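J.: Read off the chains here:
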Amino acid sequence: MSLNYIIAMILFTLGIYCLLFKRNLMKMVIGLQVMTNGLHLFLISLGYREGGIAPILAGEMLERGAAAELAATAVDPVPQALVLTSIVINVCTMALALSLAVYTYRHYGTLNPFRIRRLKG
Amino acid sequence: MIPHAPILTIVLPIFAAFLTPVVGIVAKRFGVERARDWFVVGVAILMFIIVASMVPAVWGGEVLVYKLGGWSPPWGIVLAVDGLNLLVALIIAGVVSLVAIYSVVYMERDSGLEKYYTLLMLVTAGSMGVTLTGDIFNLYVFFEIMSISSYALVAFRRNWDSVEAGVKYLVIGSLGTSLLLLSIVFLYGLIGSLNIADLAWKLVEIKATQPLPMIVPLMLALLVTGFGIKIAMVPLHAWLPDAYQAAPSAVSALLSGATTTVGIYAMLRVSYLLFGALAIGMMFIVLGLITMVAGGLMALVQRDLKRLLAYSCISQMGYILLGVGFGTTMGIQGGLFHLLNNAIYKVLLFMCAGAIVYRVGTSNLDELGGLGKNMPITATLFVVGALAISGVPPLNGFASKWTIYVAGMEAGQPICTAIAVVMSALTLAYFLKAINLMFLGQRPEHLREVKEAPPLMLFPMLMLAAFCVVFGILPGLGIDLVRPAQGAVMNQLGYIGSVMGAG
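Line by line, the protein sequences give chains A and B.
Mapping of the first sequence onto my numbering: position 6 corresponds to residue 6, and the numbering continues sequentially without gaps.
Mapping of the second sequence onto my numbering: position 479 corresponds to residue 479, and the numbering continues sequentially without gaps.
Watch out, some of these pointers could steer you wrong.
Covered stretches of chain A, going by a simulated chain B footprint (3 or more residues, C-beta under 8 Å) [what the hints assert, rightly or not]:
| no. | segment |
| --- | --- |
| 1 | 18-29 |
| 2 | 51-63 |
| 3 | 84-98 |
| 4 | 103-113 |
Partial chain B-side listing against chain A, Cβ under 10 Å, derived [unchecked claim]:
| no. | residue |
| --- | --- |
| 5 | Tyr140 |
| 6 | Val167 |
| 7 | Thr177 |
| 8 | Gly189 |
Derived from the structure by calculation, the hints contain no laboratory data.
For clarity, every value in this text was computed on a predicted model and none was experimentally measured.
All C-beta atoms, glycine included, are put in the ideal place defined by N, C-alpha and C.
Bound conformation, chain A alone:
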């Protein structure tokens, strides 16, 4: 289980490294995605339970009065909903970032962020 957290941390660190030190807009966008995916893995792992069941309260379980049993054995559904939302947001950010990168290349002929700096003052 702790392997999940270690991998999540590695992904997050790699993403930040990529975002801060890579000299190519495409790689920076990839870094942003890797970083957020590390976050998603972290969030999913928080709600996971070893050997847990799907958090669905079916009709016949209600009749048995098994709500407490479900709460004791099911995985936490909230992080999954959060991650789904966050993935959608990320797709939007990535789409906008890539389209801006295309325009940047048209105007500047380069994707190096250190050479895209005509605005000064």
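For this one, chain A is given, so just place chain B on it according to the hints.
T.: Quick look at chain B alone, frame taken from chain A:
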């Protein structure tokens, strides 16, 4: 109050955003393409009316709790409106209405306007969502809606400068929102709840344990960094001058009036509610001072009007942080009053800059001069805004800055107060420089034919200038406006009790 008012203020702009292109197509078929612009103006004004309808109940001391889907807190998502968010919602709705009116003429030469208005409404919906929600993940989602649409708005014209500014804003802003998400994940892992009031209630016990868990200061740092990027707190301000310079002036006005206000609000709400005002007041004072001084000094050397305004925007954020950092009744009152005033005169100044760009085509101070003869009304309004922002009596900037100074002396921080007074004089210096370069002096030959800005652009500017004067002559009126908000900041337990009691 209009029934379902809290959710209507969010839903209305979202629907309007995607209806705007349809309205545009229909209007084009009937040969009245501008009907689309007036549709957006109408929606913005309707939104303002809905927000205003909540005023009597909230100022009466009530916290409006609206349960989405009937799920009671802390399980469901709630919208909670108290004095603080109502003030911010009023500012946003007002600014958006005026910016929409201004855009009708200002943006008429651009193509793809249905996309512009869609993005404008999405920024509004995002800001309103952040302001009214009582659920921290919901806050994050609306924050992202607001941020992503503002990246797109900054790069709207797709010139080299706006694309560059958009890319910078996007990279820095996405990093900030990721840090926010990380902090929310930690909060959820620690407490297992997403409702802000519930989180605050349960954090009280955790904070009482000794030693304090390391994760609590880490979460605070992540939250302040995340929101600090949005309000361009120094040293997280690098994106702001580029974005405000390169974006169309209407967008700069919207961003300076609405999204920075929302950033301040989110920072106040989350950090004060979760971590307590007294514990982190000093942090806000230090950050505010750094922001104020660095922004002011950078503004002195600018040669571009919009860039100068952008740096002065950073500087004014410092005053607000300083005021609320004092943590006293008067300090918070002054800080929130300055938040209101800043939204008024900063939007006014960006609109004046836009009027000059619209008529002359440049905002470079070196190429302007002697425009006072050509554009007397714009010049007068700019002078009103500039004097207000510098804190010259009898304008509104003086009232709020004076409150902050008095609060600083009362809180036993004379050095901070002295720095704030000096920075105020510096503000006057760089604005006098800008006025001198633009409106006085020798008029270049090619500017002889420049005309006054169109009346539809002057109308929102006149309204804002009138507010500057009214709040300056009658500061009690402004203080009355912000007193419920200040009460809400001080009375965190009331907020928690109302939200949790709604179940």
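J.: Evaluate each hint against the coordinates.
T.: To see whether the hints hold, each was checked on the structure:
Note: the segment 18-29 of chain A has 3 residues with beta-carbon separation from chain B under 8 Å; the three-residue rule is met and the coverage holds. Counting residues of the segment 51-63 of chain A whose beta carbon lies closer than 8 Å to any beta carbon of chain B gives 0, which falls below the threshold of three, so the coverage claim is violated. Given a C-beta distance limit of less than 8 Å, the hint that chain B covers the segment 84-98 of chain A holds, as 7 residues qualify and 3 suffice. A count of 5 residues in the segment 103-113 of chain A with a Cβ less than 8 Å from any Cβ of chain B is obtained; the coverage claim is therefore met, three being the minimum.
Evaluation of the B/Tyr140 hint against chain A yields a held restraint, the C-beta minimum of about 8 Å falling below 10 Å. The criterion of a C-beta within 10 Å of any C-beta in chain A is met by B/Val167, whose closest approach is roughly 5 Å, and the hint holds. Hint on B/Thr177 holds. Least Cβ distance to chain A is approximately 8 Å, under the 10 Å limit. For the restraint placing B/Gly189 at the interface with chain A, the shortest Cβ-Cβ distance is roughly 5 Å, inside the 10 Å limit, so the hint holds.
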